[in-house]
Every structure is written in structure tokens, then in C-alpha cells.
Amino acid sequence: MTSRQELQVQQKRELETKEETTVPARTFLPTADIFEDEDALHVVLEMPGVEKDNINVSVREGVLNIDGRLDFSKYKDLQPLYTEYNVGNYSRSFRLWSAIDQNKIGAELRDGVLSLTLPKVEEAKPRTIQIK
Amino acid sequence: MITTFADPFDALLSLQRALDAQLSSDWLQDSTASRGGFPPINLFQQGDDLLAIVELPGIDKDDLQIQAKENTIRISGKKAMAFPEGVSVHRRERIIGEFDRTLSIPVRLDPSGIKAEYRDGILALYLPRAESDKPRTISIS
Numbered sequence: 174m175t176s177r178q179e180l181q182v183q184q185k186r187e188l189e190t191k192e193e194t195t196v197p198a199r200t201f202l203p204t205a206d207i208f209e210d211e212d213a214l215h216v217v218l219e220m221p222g223v224e225k226d227n228i229n230v231s232v233r234e235g236v237l238n239i240d241g242r243l244d245f246s247k248y249k250d251l252q253p254l255y256t257e258y259n260v261g262n263y264s265r266s267f268r269l270w271s272a273i274d275q276n277k278i279g280a281e282l283r284d285g286v287l288s289l290t291l292p293k294v295e296e297a298k299p300r301t302i303q304i305k
Numbered sequence: 040m041i042t043t044f045a046d047p048f049d050a051l052l053s054l055q056r057a058l059d060a061q062l063s064s065d066w067l068q069d070s071t072a073s074r075g076g077f078p079p080i081n082l083f084q085q086g087d088d089l090l091a092i093v094e095l096p097g098i099d100k101d102d103l104q105i106q107a108k109e110n111t112i113r114i115s116g117k118k119a120m121a122f123p124e125g126v127s128v129h130r131r132e133r134i135i136g137e138f139d140r141t142l143s144i145p146v147r148l149d150p151s152g153i154k155a156e157y158r159d160g161i162l163a164l165y166l167p168r169a170e171s172d173k174p175r176t177i178s179i180s
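Residue numbers (my numbering), protein chains in the order written: chain A, 174 to 305; chain B, 40 to 180.
Calculated from the structure, these hints are not laboratory results.
It is possible that part of the hints are untrue.
Stated by the list, open to error - Sample of chain A residues facing chain B (criterion: CB under 7 angstroms; computed from the structure): (1) Q184; (2) R199; (3) L202; (4) I207; (5) D210; (6) E219; (7) D226; (8) Y248; (9) P253; (10) L254; (11) W270; (12) A272; (13) G285; (14) V286; (15) A297.
Cβ atoms here follow ideal geometry from the backbone N, Cα and C, with glycine treated the same way.
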């Protein structure tokens with residue numbers, strides 16, 4: 174056995190919501206990594222094919238919403254011959270447990286990967302309590 | 040098949056339908072060395088030529104190698120990322136590792152004309168059909 178690990182294909186998961194969308198097309202969940210350090214919550218999402226201007230990130234009532242729209246005009250005049258994955262818009266929401274400073278949310282898109290930095294508000298940061 | 044994109048809202052749906060319908064297509068049959076392997080590939084026809092669209096988010100361009108020989112394309116590389124030290128990981132869905140995939144296309148290609156473009160996590164391979172493979176109109180004398 175070699176230590177090399179072959180990558181497996183991840184099947185795209187479809188978004189399931191209570192409400193239906195007005196457009197009958199399918200929407201997929203971007204795969205996500207979430208980690209936290211003392212100052213911020215970091216959310217990393219894979220949204221291949223989505224351009225910077227077509228991403229919408231918002232925090233409302235403690236819920237982080239990420240939407241990415243695919244520019245499907247690139248698929249114009251293309252006839253599928255052989256396909257292994259489907260394409261669609263991306264959408265995902267996370268309920269946040271710690272208070273986020275909305276004005277300082279940072280977002281960076283690189284190679285189809287969106288990295289969000291959600292800084293915690295001062296009160297939510299861990300602090301060491303001095304015992305007198 | 041996609042014919043027109045008259046209604047912008049219907050365009051995505053019809054594209055998705057077309058992709059779904061092609062999922063069971065046997066166009067390549069057993070000719071791919073590793074069907075279902077990573078990365079997933081969609082192959083389209085664009086006029087006479089072919090266009091392969093590969094979903095590869097988060098790859099460093101330097102970690103990606105593409106080789107072409109006759110009608111075979113090899114896509115190999117590695118996908119790497121690491122969490123910074125001292126963080127607590129809540130959710131881990133993205134996968135990392137190495138990949139190596141060979142795609143044989145049942146059409147003769149012009150290897151010198153193959154172009155690759157990597158943008159927004161999508162690798163597009165322009166695969167021009169070899170001149171000798173293009174259909175010719177025979178004029179009747």
C-alpha cells in the first residue's frame with residue numbers, strides 16, 4: 174500500500190428548503206469547512222464556476238446565508254456529450270451561535286473557493302477571568 | 040439538447056435537464072481509464088471541436104498537470120489545504136489528496152491545438168478535432 178490517497182468524487186448535495194424557489198432549476202450545497210479561532214469564525218466554501226460578482230453573503234438574525242449564482246451563458250451553444258456532474262447555483266445557510274461583527278466580515282474568492290472570516294464581537298471573545 | 044436560451048430563467052433548468060439526460064449516455068463507453076474518478080468531467084461539443092469542463096476547486100495551478108497524447112488526455116495533480124494551527128474545526132467536508140485521471144476520447148484530436156484554462160475553480164480544456172477527422176462535404180460532379 175502506498176500512502177498516496179486517491180481522491181474520490183463527492184456527489185453534489187442538493188439544497189433542501191421549506192420554501193421552493195421561484196425558478197425551477199436545481200440548487201446545490203457548496204461543500205464547506207468551518208473552523209474557529211479566538212477572534213473569528215472561518216467558513217470556507219467550494220463554489221466552482223462562480224464569479225466574484227455573483228456571490229452574496231449576508232448575516233441576518235443569526236443566520237449566515239451564502240448564495241452563488243452560476244453564469245450559465247458560458248454553456249451556450251454547447252451540446253453535452255458525456256457528463257459526470259450537474260451544474261447549478263449554490264446556496265447554503267448556517268445558524269451562528271456566537272455574535273458576529275457584521276461590519277467586519279471578510280470574504281475572499283480564489284480558484285472557486287470562497288473564504289469567509291466572521292469576526293466575533295468583543296463580548297463574545299473568550300476571556301480569562303482573574304480570580305482574586 | 041440545448042437549442043436556444045430564449046428564456047433566461049429556463050436556461051439553467053434546460054441545461055440541468057440536458058446534463059442529467061446525458062448522465063446515462065454511453066458515448067465514451069469503457070474508453071475512459073477511470074470513469075467516476077476524480078475530478079468529474081463534463082464533455083461538450085462546440086461546433087466541430089470538443090470542450091471538457093472539469094470541476095477542480097481550490098487547486099494551485101502549479102499542482103496541476105495536463106498531458107495530451109493522440110486522443111488521450113491525462114489530468115493529474117494534488118489538492119492540498121491545511122487548517123491553521125490552534126483552531127477548532129467544526130466542519131470538514133472538503134476533500135484533499137492526489138488525483139490522476141486519463142480520458143480517452145473517441146475522436147482524433149489535434150494535440151498541438153489543445154488549450155487549457157483554469158479559472159474560478161473550473162478547468163476548461165479546448166480539444167480541437169484533428170483536421171483529418173473533420174467531416175468533408177463531397178461535391179457531386
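A quick look at each hint next to the structure:
no.: 1; hint: Q184; result: violated, 9 angstroms
no.: 2; hint: R199; result: holds, 5 angstroms
no.: 3; hint: L202; result: violated, 9 angstroms
no.: 4; hint: I207; result: holds, 4 angstroms
no.: 5; hint: D210; result: holds, 5 angstroms
no.: 6; hint: E219; result: holds, 4 angstroms
no.: 7; hint: D226; result: violated, 11 angstroms
no.: 8; hint: Y248; result: holds, 5 angstroms
no.: 9; hint: P253; result: holds, 4 angstroms
no.: 10; hint: L254; result: holds, 5 angstroms
no.: 11; hint: W270; result: violated, 10 angstroms
no.: 12; hint: A272; result: violated, 16 angstroms
no.: 13; hint: G285; result: holds, 2 angstroms
no.: 14; hint: V286; result: holds, 4 angstroms
no.: 15; hint: A297; result: violated, 15 angstroms
Hints 1, 3, 7, 11, 12, 15, counting from the list given before, are not met by this structure.
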